[in-house]
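Asks: This is what each chain is made of:
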Amino acid sequence: MSKVGVFVCHCGTNIASALDVFKVAEAARALPGVAHAAEYKYMCSEPGQQLILDAINEHGLKRVVIASCSPRMHETTFRKMLKKSKINEYLLEIANIREQDAWVHADFEKATEKAIDLVRMAVAKALKDEPLKAQTIPITKRALVIGGGIAGIQAALDIADAGHEAVLLEREPSIGGHMAMLDKTFPTLDCSACISTPKMVDVGAHPNITLLTSAEVDAVKGYIGNFTVTIRKKANYVNHDICTGCGACEQKCPVKTDSAFNRGLSKRTAIYKLFPQAVPSKPVIDAESCLKLKNGKCGVCEKVCPLGCIDYGDEDRLVEMDFGAIIVATGYRPAKWQRMYDEYGAGRYADVIDGLQFERLVNASGPTEGHIARPSDGKAPKTVAIIKCVGSRDPKKGHAYCSRACCMAAAKHAHQLIDKLPGSRVFVFYIDVRTPGKGYEEFYDQTRKDGAVYVRGRVSRIYKEGDTLVCQGEDTLLGKQVRVHADLVILETAMEPSPGSGALLGLLGCAKDADGWVTEAHPKLRPVETQVGGVFLAGACQGPKDIPDTVAQASASAAKAIGLLNKDEMETSPMIAKIEEDKCSGCGACGPICPYKAIALEKIPARDPGTGKKIERLVARVNAGLCQGCGACTVACRTGAIDLLGFRNNQILEEVDALWL
Amino acid sequence: MTDHETLARLMADADVRQYDCYQCGKCSGGCPMADAMDLKPRGVMRCAQIGSLGRILNSNTIWLCTGCGACADRCPHDVNVPALIEEARYEAARRGLGRHDSEVLNKAFVANIKAFGRNHEMLLAGLYNVLALKPIQDMASVPHMLKKNLIGIKPNRIGATREIAELIERAEKWDDPMVATGRSQTPEVKK
Numbered sequence: 000m001s002k003v004g005v006f007v008c009h010c011g012t013n014i015a016s017a018l019d020v021f022k023v024a025e026a027a028r029a030l031p032g033v034a035h036a037a038e039y040k041y042m043c044s045e046p047g048q049q050l051i052l053d054a055i056n057e058h059g060l061k062r063v064v065i066a067s068c069s070p071r072m073h074e075t076t077f078r079k080m081l082k083k084s085k086i087n088e089y090l091l092e093i094a095n096i097r098e099q100d101a102w103v104h105a106d107f108e109k110a111t112e113k114a115i116d117l118v119r120m121a122v123a124k125a126l127k128d129e130p131l132k133a134q135t136i137p138i139t140k141r142a143l144v145i146g147g148g149i150a151g152i153q154a155a156l157d158i159a160d161a162g163h164e165a166v167l168l169e170r171e172p173s174i175g176g177h178m179a180m181l182d183k184t185f186p187t188l189d190c191s192a193c194i195s196t197p198k199m200v201d202v203g204a205h206p207n208i209t210l211l212t213s214a215e216v217d218a219v220k221g222y223i224g225n226f227t228v229t230i231r232k233k234a235n236y237v238n239h240d241i242c243t244g245c246g247a248c249e250q251k252c253p254v255k256t257d258s259a260f261n262r263g264l265s266k267r268t269a270i271y272k273l274f275p276q277a278v279p280s281k282p283v284i285d286a287e288s289c290l291k292l293k294n295g296k297c298g299v300c301e302k303v304c305p306l307g308c309i310d311y312g313d314e315d316r317l318v319e320m321d322f323g324a325i326i327v328a329t330g331y332r333p334a335k336w337q338r339m340y341d342e343y344g345a346g347r348y349a350d351v352i353d354g355l356q357f358e359r360l361v362n363a364s365g366p367t368e369g370h371i372a373r374p375s376d377g378k379a380p381k382t383v384a385i386i387k388c389v390g391s392r393d394p395k396k397g398h399a400y401c402s403r404a405c406c407m408a409a410a411k412h413a414h415q416l417i418d419k420l421p422g423s424r425v426f427v428f429y430i431d432v433r434t435p436g437k438g439y440e441e442f443y444d445q446t447r448k449d450g451a452v453y454v455r456g457r458v459s460r461i462y463k464e465g466d467t468l469v470c471q472g473e474d475t476l477l478g479k480q481v482r483v484h485a486d487l488v489i490l491e492t493a494m495e496p497s498p499g500s501g502a503l504l505g506l507l508g509c510a511k512d513a514d515g516w517v518t519e520a521h522p523k524l525r526p527v528e529t530q531v532g533g534v535f536l537a538g539a540c541q542g543p544k545d546i547p548d549t550v551a552q553a554s555a556s557a558a559k560a561i562g563l564l565n566k567d568e569m570e571t572s573p574m575i576a577k578i579e580e581d582k583c584s585g586c587g588a589c590g591p592i593c594p595y596k597a598i599a600l601e602k603i604p605a606r607d608p609g610t611g612k613k614i615e616r617l618v619a620r621v622n623a624g625l626c627q628g629c630g631a632c633t634v635a636c637r638t639g640a641i642d643l644l645g646f647r648n649n650q651i652l653e654e655v656d657a658l659w660l
Numbered sequence: 000m001t002d003h004e005t006l007a008r009l010m011a012d013a014d015v016r017q018y019d020c021y022q023c024g025k026c027s028g029g030c031p032m033a034d035a036m037d038l039k040p041r042g043v044m045r046c047a048q049i050g051s052l053g054r055i056l057n058s059n060t061i062w063l064c065t066g067c068g069a070c071a072d073r074c075p076h077d078v079n080v081p082a083l084i085e086e087a088r089y090e091a092a093r094r095g096l097g098r099h100d101s102e103v104l105n106k107a108f109v110a111n112i113k114a115f116g117r118n119h120e121m122l123l124a125g126l127y128n129v130l131a132l133k134p135i136q137d138m139a140s141v142p143h144m145l146k147k148n149l150i151g152i153k154p155n156r157i158g159a160t161r162e163i164a165e166l167i168e169r170a171e172k173w174d175d176p177m178v179a180t181g182r183s184q185t186p187e188v189k190k
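Protein chains in written order, with numbering that gives the first Met the number 0: chain R, 0 to 660; chain B, 0 to 190.
So here's chain B without its partners, still in its complex pose (with noise of 0.2 Å):
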C-alpha cells in the first residue's frame, strides 16, 4: 500500500476530510499540548492535504496529543482531528515508530490495569520514571500530591480485576493493535 492509499484510509478511518479543513488554525490556537509538539494540529491537517504521511507519522505530535478534543469542538468544519491523530498513532506502531518513552508507559499502565483493575497513579509514575531512565521525574511534586490526596500510597482496587486482566489477555492475542485494543488505548509496539 502506497503511502497516499494508507493516508487515505486513515483519514477514511477517522472521517475525516482533507477539504474540510481551511486552515484557520483554531484547532493549534487552543490546543494544551501545542508548545510541545513539532506539528501542530493544523499541521497535521496541513500535511494531510498535501499528502505528506511521514511527517505525521514521525511527529511527536501523534504521541503527545491528549485527545482532549477542544480543538474538534472548536473547529468551524467539524473536524475531529484527534480521530486523525489516533489513526496515525496506530499506522506509526505498525511501522514500528513507536517512542521510547511511550511505549513505556503504555506497558506500565496496562500491567497496572491487569494487577489492580484500575490505574495506581503512585505505581505508574514509579514504573515510568525507573523504565523510562527518568528517576527524579516529577519527584518535587510527590509530597504535594500526597497531602492533597490526589496519589495514594495503597492501589485502589476493584472487585472484577480478574475479569479486567482476562479480557486484557484475550485482546493482546489479536495480531492487529487496533483490534486488539479495541481503539481505545496504544498498542503495543512491535520492537
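Pulled out of the complex, with its shape left as it was, chain R reads as follows (with noise of 0.2 Å):
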C-alpha cells in the first residue's frame, strides 16, 4: 500500500472555527493507505510546507493530501513545494475544505463529517495518481500589438527597446488613436501632440517594430507562444514604399468629404493623410468618396504624382505571420449621444458638441487654428454650458458606468475656454466631481479659482431660444430650476468599446463583460491578462481610462509579453487528454465537441485484423499545446478511449467509491 500524508490546514480561524480540524486529522490517520496525518495554522506558510516536506522525509511518504482552501487558491503553491522533494508534484489531491465546507455549512459537527468525507474522497484518489510530466512547447518571438493609440504605441516601444519584435497593427492609415487629436492633457496641460508625436516617430523608425496601418485581424490559430495570425491589409491605392508624402496629390485632388479626425468640423480631400504628423506620413485614398474608384473618372492624382505611386488597382492583401504574444489595445469610440438624448438636439443643433470636437477646435492644428468658434456662424461664444455623464452613469438612455476621465476633461475645457476668450462665462454641470489622480482635485480646484460655475444637476433639455441656446436643468444645491442660455454647449460624452473589438476578441476567444470591454484574467491581480493564454491587455479597451492610466497599464502588459518572449519554450499542463489509439475508432465525434480546436484525426498505419495486410486508420491526436484539460471529450467518446490524466475515470470512480460504499 502507498504511504499516504495528509495535512489538514486551520487558515487561520477560517476553517479551525467551522469545524474541528484534529478530528479530521484522526479520523484521516485511520483511512487505509494513509501513513501520516497532521494539522497546522497555516499549511501554505514557510513553516507549513516546511512541516510537510519534513514529514515526507521522515515518514517515507509518496502521496500528499492537503485539506485546505479551494485548489484554485494554493494547488500551484504546494506543487512548486513537492519539486523540492522526491515525490512527483501531481501526487498531491486538495480536499477542499475552506469554500466548500466550513466557508458554507453553520453546524460544527456537520461540517466536520464532511470534511473526513472529502479528505477520505481526496485520499481514494491519490492512491489511484500518477506520476504526470509537464511538456515543452517552443515560443515564437515576436509579438502583435493591436490598435495604434498610445497603449499599442506604448506597449510596441517597450518590446522593442527589451529586444523583442514586436508588429503594431492599426486599421486607420496612421497611429495615434484618440491623444493624437487632443489639444492639451490634464491636468499638467502638456500639448499633446508634443509628448505623442515623438513616440510616433520612435515607432516608424524603431529597428524592431514593423508598423502595419490599414490593416486589421482576419483569422487567428494557435495557442500561447505559436499563434498564427492573418493580417488583411487593405487596399490603400498608394505605393508606400516608393511614396515620399510629398502631398502634390492631396493639393490637386477635387473630392471634399467630411474629416473623421476632424470630427466632421472640416472637409478633406479623397486621396488623404489623416493629420499632418501622422506615421508613416503618406497619403491613401479612401475609395468611398474617390471619382476614380466609384466611376471611373478623375485620376488627378496619378497625373500630378512625380513618382507614379497610385495604383488604382490595389487590392486587399492577407498576410500569415506568427507571434507568441498578442497585446489588445484597441482603444474606445465616445459614445453617439445623438441617438441617445433626444432632449439635447439628437445633432439637430449645430453648437452642441461633443468634448473631442472641442478639442479640435481649440487645437492649433485643428480647423480654426485653435480659435474657438461657434460651428454655426463661427463666432467666438460668450457663454459656454458644459455638460457632464452624457452616456455615463445612465443605465437607461447609455450606460451604468462612470467614463473616469470626463470630469477631468470637462475641468480642462473649463480652464482651456476661460483662458482663451477671456471674459467669457463657463458653466458645468455635474452630478459628482470625480478626480481621484495626481494633481487632479489641485487642477480642479484652480478651475473653479479661474472663474468656471459648477452647477449641481443634470441638465434635463436643451432648447434654441433665438441665437442661443438654452439648457435647463435644476440647480439642485438652490432646489431652482436654472436656465442657462449657452453660446456653445460642449458634452463630455461616455467612453464606449471601439468599434469592432467585439469581433476581434471573438478571434481571440477572449471574453468581455456586458458593456464589451475586455475581461481579465483577475480584476485585481492579473489586471493585463485575458482569460486567454498570452493575450494580454492594454489601456481603454478594458474600460474607460485616461492617459496616465493607459500608459501604465501598456508598460505592464509590455512587461507580461517580455516575460513569455523571454523564454525559449515553456511548460504546458500535463493534465490533458490522453487518447489510447488501440481503443479509438476513429469516429471523430471529439473533434466537433473541443472547444479549443485541439483534436484533430489524423490516418496511421495499421494491420487488418481480418487479413493481416498493411492498412491506413483514421485515429483521433490531441494537440498538447491547445488542449485546456476541459474534459469534453472523454465523455463524448463512445469508445472510452479519451482519458483525461490527472482525472481519469478510473481516478474519479474512486472518489465516488470512497463516499458511498
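In case anyone wonders, no lab produced these hints; they're calculated from the structure. There's no promise every hint is true.
Pair by pair, the computed Cβ-Cβ distance ranges are [said to hold, decoys possible]:
#, chain 1, residue 1, chain 2, residue 2, range
1, R, Gly-377, B, Ala-139, 43 to 49 Å
2, R, Glu-287, B, Asp-77, 36 to 42 Å
3, B, His-143, R, Pro-435, 56 to 62 Å
Given the structure is predicted, the values throughout are model-derived calculations rather than measurements. We treat Cβ as the ideally placed atom computed from N, Cα and C, and that holds for glycine.
Join these two chains into a complex; the hints should help.
Replies: This is how it looks when you write it as C-alpha cells:
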C-alpha cells in the first residue's frame, strides 16, 4: 500500500472555527493507505510547507493530500513545494474544506463530518494518482500589438526596446489614436501632440517594430507562444514603398468630404493623410469618396504624382504571421449621444458639440487653428455650458458606468475656454466631481478659482431661443430651476468599446463584459492578462481610462509579453486529454466537441485484423499546446478511448466509491 | 400603519425604489410645473429616501403634477416619479389633506363627464371659477380661445353618455378611492 500523508490546514480561524480540524486529522490517520496525518495553522506558509516536506522525509510518504482551501488558491503553491521533494508534483490532492465546507456550513458537527468525507475521497484518488510530466512548447519570439493608440504605441516600444520584435497593427492610415486629436492633457496641460508625436516617430523608426497601418486581424489560430494571425492589409491605392509623402496629390484632389479626424468640423480630400503629423507620413485613397474608384472619372492624383505611386487597381492582401504573444489595445470611441438624447437636440443644433470636437476646435492644428469658433456661425462664444455624464452613469439611455476621464476633461475644457476667451462665462453641469488622480483635485480647484461656475444637476433639456441654446436644469443645491443661455454647449460623452472590438475578441477567444470591455483574467491580481494564455490587454479596451492609466497599463502588459518572449520554451499543463489509439475507432465525435480545436483526426499505419494486410486507419490526436484539460472529449468518446490525465475515469470513480461504499 | 410602512407601500405600489435615485436633478430641471411646486420632483424622491412622508403629503407638488412624464422619460435610472406622486395623492386624499381648489375642479370635472360623456371646457372653467371663488380668473383669455376655436359654447356630446354616467356611478359606490377611480383620476376628498 502506497504511503499517503494527510495535512489539515486551519487557515487561521477560517476553517478551524467552522469544523474540528483535529478530529479530521485523527479520522484521516485511520484511513487505508494513510501513513501520517497532521494539522497546522497555515499549511501554505513557509513553516507549514516545511512541516510537509519534513514529514515526507521522515515517514517516507509517496503521495500527499492537503485539506485546505480551493485548489484554485494554492494547488500551484503546493506543487512548487513538492518539486523540492522526491514526490512527483502531480501526486498531490487538495480536499477543499474551506470554500466547499467551512465557509458554507453553519453546523460544526456536520461540517466536520463532511470534511472527513472530503478527505477520504481525496485519499482514495491520491492512491490512484500517477506521476505526470509537464511538456514544453516552443515560443515564437515576436509580439503582435493590436491598436495604434497611445496604449499600443507604448506597449510596442517597450517590447521593442527589450530586444523583441513587435508588429504594431492599426486599422486607420496612421497611428496616434485619440491622443493625437487632443489639444492638451490634464492636469499638467502638456501639449498632447508634443508628447505623443515623438513616440509615434520612434515607432516608425524602431528597427524592432514593424508598423502595419490600414490593417486588421482577419483570423487567429494557435495558442500561447504559437499564434498564427492572418492580417488583412486593406487596399490604400498608394504604393508606400516609393511614396515620399510630398503632398502634391492632396493639393489637387477635387473631392471634399467630412474629416473624421476633425470630427466633421472640416473637410478633407479623397486622397489624404489622416493628419499632418501622421505616421507613416504618406497618403491613402478613401475608396468611398474617390471619383476615380467610384465611377472611373478623375485620376488627377495619378497625373500629378511625380513618382507614379498611385495604383487604382490595389486590392486587400492577406498576410500570415507567427506570434508568441498578442496585446489587445483597441481603445474606445466616444458615445454616439445623438442617438441617446433627444432632449439635447439629438444633433439638430450645430453648436452642441462633444468634448473631442472641442479638442479639435481648440487645437492649433485643428480646423480653426485653435480659435474657439462655434460651428454654426464661426463666432466666439461668450457663454459656454459644459455638460458631464452624457451617456455615462445613465443605465437607461447610455451606460451604467462612470467614464472616469470626463470630469477632468471638463475641468480642462473650462480652463481652456476661460484662458482663451477672456470675459467668457463657463458653466459646468455635474452630478458628482470625481478627481482621483495625482494633481487632479488641485486642477479642478484651480478651474473654479479661474471662474468656472459649477452647477450641481443634470441638464434636463436643451432648446434654441434666438441665437442661444438654453440649457435647462435644476441647481440641486439651491433646489431651483436654472436656465443657462449658452452660445456653445460641450457634452462630455461616455467612452464605449471601439467598434469592431467585439469581433476581434471573438477571433482571439477573449471574454468581454456586458458593456463590451475586455475581461481581465483577475480584476485585481491579473489585470493585464486576458483569460486566453498569451493574450494581454492594455488601455481603454479594458474600461474607460485616462492617458496616465493607459500608458501604465500598456507598459505592464508589455512586461508580461516580454516575460513570455524571454523564454525559449514553456511548460504546459500535463493534465490534458490522452487518447488510447488501440481503442480509438476514428469516429471523430470528439473533434467538434472540443472548444479549443485541439483534436484532429490523423491516419496511422495499421494491419487489417482479418487479412493481416497493411492498411491505414483514422485516429484522433490531441494537440498538447491547445488542450486545456476541460474533459469534454472524454464524455463524448463512444469507445472510452479518451481519459483526462490527472482526472482519469478510474480516479474519479475511486472518489465516488470512497464516499458511498 | 406607521408613516414608514405607508411610504414603503406607496413606493411598492408605484414601483419606485429609493435607492434608484442618485439626486441628479434631471427631473426637476425639466419639470414644466417646477416653478410653482414647493417640493420639486427631485425633492419628492429625497423625502422618500429620508422617510419624510409628511413633507410629500403636505406639499402642493402632488396636486400640481400633471403627470406629463417628462421627468420619468429623462431619468437615467428610470424612476417613475409621477407614479409615486399619484400614490401620494391618494394617500393625502385618504388623510383628508386634499386642497379645496383641486377638490372643486375634480368634482366639476366628474359632473361634466357624467353630463356629456366628454369634458366641456368652457363649462368646467366656469364652474371652477364660481366654486373656487375665483370668478375672473383667466377671463381675459376667453375671447382669444373662442376665436381660435380652442373652447366652444356648445358641449361635445358622445353617443354613450348614459353608459359613461353609469360607469362613474358604479365606481363612486366603492369606498376605497383608489379602486373607485381605477387610479386614473383624483378621488373624492373626504370631508
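Asks: Against this structure, judge whether each hint is valid.
Replies: Results for each hint:
Checked against the hint of 43 to 49 Å, the C-beta distance between Gly-377 (chain R) and Ala-139 (chain B) comes to roughly 45 Å, which is consistent with it. Between Glu-287 (chain R) and Asp-77 (chain B), the C-beta spacing of about 39 Å keeps the proposed range 36 to 42 Å intact. As the Cβ distance of His-143 (chain B) to Pro-435 (chain R) is approximately 58 Å, the hint placing it in 56 to 62 Å holds.
Consistency with the previously given hints is maintained throughout, with no hint failing.
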